[in-house]
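Undergrad: Use the sequences and the hints to build the structure in full.
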Amino acid sequence: MTTEQPFSITALELGPMENFIYLIRDHATNRAAVVDPAWDVPAIIAAAQAQQIQITDVLLTHSHQDHINGLNALLKVYDAQIHLLKPEAQFWGNYLDLPTLHHGGDVIQLGKTDIDVWHTPGHTPGSACYHLGGNIITGDTLFVFGCGRCDLKGGNPEQMFHTLKHMGSALSADTVIHPGHNYAQKTTTTIAEQLAGNPFMHFDKVNDFVEYRMHIHDKIRDAPYMAVPKA
Numbered sequence: 001m002t003t004e005q006p007f008s009i010t011a012l013e014l015g016p017m018e019n020f021i022y023l024i025r026d027h028a029t030n031r032a033a034v035v036d037p038a039w040d041v042p043a044i045i046a047a048a049q050a051q052q053i054q055i056t057d058v059l060l061t062h063s064h065q066d067h068i069n070g071l072n073a074l075l076k077v078y079d080a081q082i083h084l085l086k087p088e089a090q091f092w093g094n095y096l097d098l099p100t101l102h103h104g105g106d107v108i109q110l111g112k113t114d115i116d117v118w119h120t121p122g123h124t125p126g127s128a129c130y131h132l133g134g135n136i137i138t139g140d141t142l143f144v145f146g147c148g149r150c151d152l153k154g155g156n157p158e159q160m161f162h163t164l165k166h167m168g169s170a171l172s173a174d175t176v177i178h179p180g181h182n183y184a185q186k187t188t189t190t191i192a193e194q195l196a197g198n199p200f201m202h203f204d205k206v207n208d209f210v211e212y213r214m215h216i217h218d219k220i221r222d223a224p225y226m227a228v229p230k231a
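For the sequence shown, full-length UniProt numbering gives the first residue as 1, with consecutive numbering after it.
Treat the hints with care, as some may be off.
[Said to hold, decoys possible] Using 20 Å as the maximum straight-line C-alpha spacing, the simulated DMTMM-like pairs for lysine to aspartate or glutamate come out as follows:
#	residue 1	residue 2
1	K230	E211
2	K76	D97
3	K112	D97
4	K165	D97
5	K219	D151
For the record, the hints were derived by calculation from the structure and aren't laboratory data. All values reported here derive from a predicted model rather than from experimental measurement.
TA: What follows is the structure, encoded as structure tokens:
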């Protein structure tokens, strides 16, 4: 658990694809948001009950099934508001019951905790990251020493290049990254560590990045990922 006023972040590793599901707790109100509810809803509920918190919000980083397959089951237990980016809702095409649709730059208020919504396309058109305090929850955009695939429907490696460049320059070096999957030898990292050791953040030219992401990386690297020093 990472604790930093006025909130705390709890990570649950669930399911066969090593997904991280996050609980964000607002200390002032004991309200909580679940990021990407999937796989084992009873485990998510048990974690919330153990902290004596009420799940009032659901934050989606994107709409792939391994990140949302517990959504309906969770909503049967909690009357929670769903948040996602409008481009992702359009890509998904699933008509949720009155979701709150966001644009990049919006702020979600969870009690006394402000959560900044980032539009980070590349893995999907409406992929989102959630920035709060010195933390960012990155879904399938940025992993520890890796990044999300761009060869699935809606993926765009050129967009991913620009997304990662922006994240590397806009976030402070000590920002803690909370990824969507446990694909590395450690579960969290910092932007500074990724700028130094994540090969996807070493490229200066978009064409070189696209070639590596689409045709080279998966042939030469396997999880758990380790740091790759910049040449």
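Undergrad: When you check the alpha-carbon spacing of K165 and D97, does it fall within 20 Å?
TA: 35 Å, violated
Undergrad: Is K219 within 20 Å of D151, Cα to Cα?
TA: Given pair K219, D151 holds - Cα atoms ~14 Å apart, limit 20 Å.
Undergrad: Tell me if the straight-line CA distance from K112 to D97 falls inside 20 Å.
TA: 26 Å, violated
Undergrad: Could you grab the alpha-carbon distance between K76 and D97 and see if it respects the 20 Å cut-off?
TA: With Cα atoms ~13 Å apart, K76 and D97 stay inside 20 Å; holds.
Undergrad: Can the restraint linking K230 and E211 be considered satisfied, given a maximum Cα separation of 20 Å?
TA: 17 Å, holds
Hint compliance for this structure: hints 3, 4 are not met, and every other hint is.
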